[in-house]
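Colleague: Turn these sequences into a full structure, and let the hints guide you.
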Amino acid sequence: MSVKVLTANRLTDGEAVWLGANGEWLEQIDGALIARHAEAVTALEEAGKAAIKSNLVIDVNVIDVEERGTNLYPLRLRERIRQLGPTIRLDLGKQAEKPKASAA
Amino acid sequence: MYRYDEFDHAFVSARVDQFKDQVERRLAGELTEDQFRPLRLMNGVYLQLHAYMLRVAIPYGTLSSRQMRKLAHIARHYDRGYGHFTTRQNLQYNWPALKDMPKVLDELASVEMHALQTSGNCIRNVTADHFAGAAADEVADPRPYAEILRQWSSMHPEFSYLPRKFKIAVTGAERDRAAIQVHDIGLHLKKNEAGDLGFAVYVGGGQGRTPMVAKKIRDFLPVEDLLTYTTAIMRVYNLNGRRDNKYKARIKILVHETGTEELTRQVETEWQVLKDSDLKLPQQDVDAIDSYFRAPNLPQRPEGWSGLAAARKADHAFATWVDQNVTPHKNPDYGVVTISLKPIGGIPGDATDAQMDLVADIAEKFSQDEIRVSHEQNLVLPHVAIADLRIVYDLLLTDGLATANAGLITDIIACPGLDYCALANARSIPVAQRISERFGQPDRQADIGELKIKISGCINACGHHHVGHIGILGVEKKGEELYQISLGGSGDEICTIGDITGRGFSSEEIVDAVETIVDRYLEIRTDKEETFLAAYRRVGAAPFKDALYSEAANAA
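For the protein sequence lines, the chains are A and B, in the order given. Those letters in the first sequence? Residues 1 to 104, by the working numbering. Those letters in the second sequence? Residues 105 to 660, by the working numbering.
Think of the hints as simulated: they come from the structure by calculation, not from any bench. Cβ atoms here follow ideal geometry from the backbone N, Cα and C, with glycine treated the same way. It is possible that some hints are incorrect.
As the list claims (entries may be wrong) - Pairs of lysine-lysine, BS3-like flavour, derived with a Cα cap of 30 Å:
#1 B/319 to B/384
#2 B/207 to A/94
#3 A/53 to B/207
#4 B/294 to B/269
#5 B/124 to B/207
#6 B/417 to B/632
#7 B/350 to A/53
#8 B/269 to B/320
#9 A/49 to B/203
#10 B/269 to B/352
#11 B/384 to B/269
#12 B/384 to B/295
#13 B/203 to A/53
#14 B/294 to B/434
#15 B/319 to B/295
#16 B/124 to B/271
#17 A/94 to B/581
#18 B/581 to B/269
#19 B/269 to B/203
#20 B/320 to B/350
#21 B/350 to A/49
#22 A/94 to B/582
#23 B/379 to B/294
#24 B/379 to B/269
#25 B/581 to B/352
#26 A/94 to B/203
#27 B/124 to A/53
#28 B/271 to B/207
#29 B/469 to B/434
#30 B/352 to B/319
#31 B/434 to B/417
#32 B/124 to A/49
#33 B/434 to B/632
#34 A/94 to A/53
#35 B/352 to B/582
#36 B/124 to A/94
Claimed, not checked - Computed beta-carbon distance windows for the label pairs:
#37 B/105 to A/26: 45 to 51 Å
#38 A/96 to B/264: 37 to 43 Å
#39 A/27 to B/650: 48 to 54 Å
#40 B/550 to A/26: 48 to 54 Å
Modeller: In structure tokens, the structure reads:
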């Protein structure tokens, strides 16, 4: 079943980030705050607006993900590439810091 | 090469200071993203999937060694050790931090470079034939006129908020290497019967979601009228171009909806008001700019030819590289060298900082300190003595820059695609890499001959797929990448938009589909001299569609 998380890019360096359950913006999708119903999605959207106002992040979006065991798997390839890095340069992006399966 | 005067230095420096202040205010929260976004775009700063991207302008694709070294330095210190040369003769850095942007722009300004007008609804970086000032078939160097256009269009108050972006390309040879007919304005510099220089003027070409070949609205415009006539076109567009719909806002749509005849009439009417105005170019001003682009004083090096013959005989790989990557120069003792940024299986257009430094060193010693960036995402050494080809080849070989594939099937244009770009729907680069690997064997490539494959990861067509002999457009369908093929496109002087073959192909199928097309071409060509494009123009799409979609093909 697909659920939703909130993602954005950090203002200072453009790094892809996800809103964590602790209210912090995380550099990895692990630990992202998961919205499982409409009210929770609304809360995510409100959190996104607040984060834009406080100039922490830009380009805020609610995205669809699937829970696969303990991992979160974004449904769109675009989001999987944001999560890991360029599929043609495995030495770059988040995948270089934390090896995982490729995005494709 | 053009050198900044005091005005240029002060102008660029003031813009860097202004942007530095804007970045500081943004980081301090004094500017919102809505306020800041248009400001950063005016300075070439985009947001992509993983980070910000900085697009650096390389006017008409001309660089000195000093400038190339600076690009390498920026890649090393502010990015991840590489840059991406684009189809607009620009360079993109994929990872710079916003807080570093003012420092990067300062570094660029120190070598007379900037990122102005590489975004936004303004007149973008003016592009030109990458062999300008060197090619044997050139009538005149188009770069002085590209430079005049650059100076005139920089921060032009009337044309900074156009309905949409605006691209101008200039060429100075009958053979169009600048794809002028798929630009908003294309200028072909030529001589009339009296021997005077002027331009054939094309308007309303472009790619994107509505590809169109430009219409010629003047066969010969004297060079003194370059700015008066261009201003007339811009005014007609600025006044009448659509601002209600982003997808219909380019001048190509205005030309199409107005009709070429009526649009030409409007331009000519506007021009009558302007033609004797201050914008008429005084000859001394043209001469002053022209003097920056005077052909270098090339010493005679006739010994090169005998040495070349021996070197070719001794090394087949070198001979292949000379045949494929060296183009005739105006001076018979010299050649124009294309440095392929398309190693087999590599990323089209990417160069590491070390490769940029190497090219800068080679250019300084062996190419009059000049480098060019081509819209086909390669680099060019415009003035290399035939006598120096062997040593230049050996130096390029030391860092993977001697791939002998210019113009062949593995010399693929590919946009950054979904691996980097926030607009993309599908990946381009991995498709290019797999095609390159499939056809990379030298004898196979040579047998296939000239074949231009161009790949875009979305409808915006940065990868020029509409004018690829084989064009590939990546789309997203039901969450999967799907690749649509078009055939018979061409961006040269006989400009055509490719025909879509039919249903698209999955990522797994696309390379096989390209091979099916190539195999069919090899079956039907009259002889080896008939290129893929010539064969396609002779037989049309049917034999290729049959190969791709027939029951037998589907059963295979």
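Colleague: Each hint needs a verdict: does it hold in this structure or not?
Modeller: Now for the hints, and whether the structure bears them out:
no.	hint	in the structure
1	B/319 to B/384	24 Å, holds
2	B/207 to A/94	25 Å, holds
3	A/53 to B/207	27 Å, holds
4	B/294 to B/269	27 Å, holds
5	B/124 to B/207	8 Å, holds
6	B/417 to B/632	23 Å, holds
7	B/350 to A/53	28 Å, holds
8	B/269 to B/320	20 Å, holds
9	A/49 to B/203	23 Å, holds
10	B/269 to B/352	12 Å, holds
11	B/384 to B/269	25 Å, holds
12	B/384 to B/295	19 Å, holds
13	B/203 to A/53	19 Å, holds
14	B/294 to B/434	16 Å, holds
15	B/319 to B/295	20 Å, holds
16	B/124 to B/271	27 Å, holds
17	A/94 to B/581	27 Å, holds
18	B/581 to B/269	28 Å, holds
19	B/269 to B/203	27 Å, holds
20	B/320 to B/350	25 Å, holds
21	B/350 to A/49	26 Å, holds
22	A/94 to B/582	26 Å, holds
23	B/379 to B/294	20 Å, holds
24	B/379 to B/269	25 Å, holds
25	B/581 to B/352	24 Å, holds
26	A/94 to B/203	20 Å, holds
27	B/124 to A/53	22 Å, holds
28	B/271 to B/207	28 Å, holds
29	B/469 to B/434	20 Å, holds
30	B/352 to B/319	17 Å, holds
31	B/434 to B/417	25 Å, holds
32	B/124 to A/49	26 Å, holds
33	B/434 to B/632	28 Å, holds
34	A/94 to A/53	26 Å, holds
35	B/352 to B/582	27 Å, holds
36	B/124 to A/94	29 Å, holds
37	B/105 to A/26: 45 to 51 Å	48 Å, holds
38	A/96 to B/264: 37 to 43 Å	40 Å, holds
39	A/27 to B/650: 48 to 54 Å	52 Å, holds
40	B/550 to A/26: 48 to 54 Å	52 Å, holds
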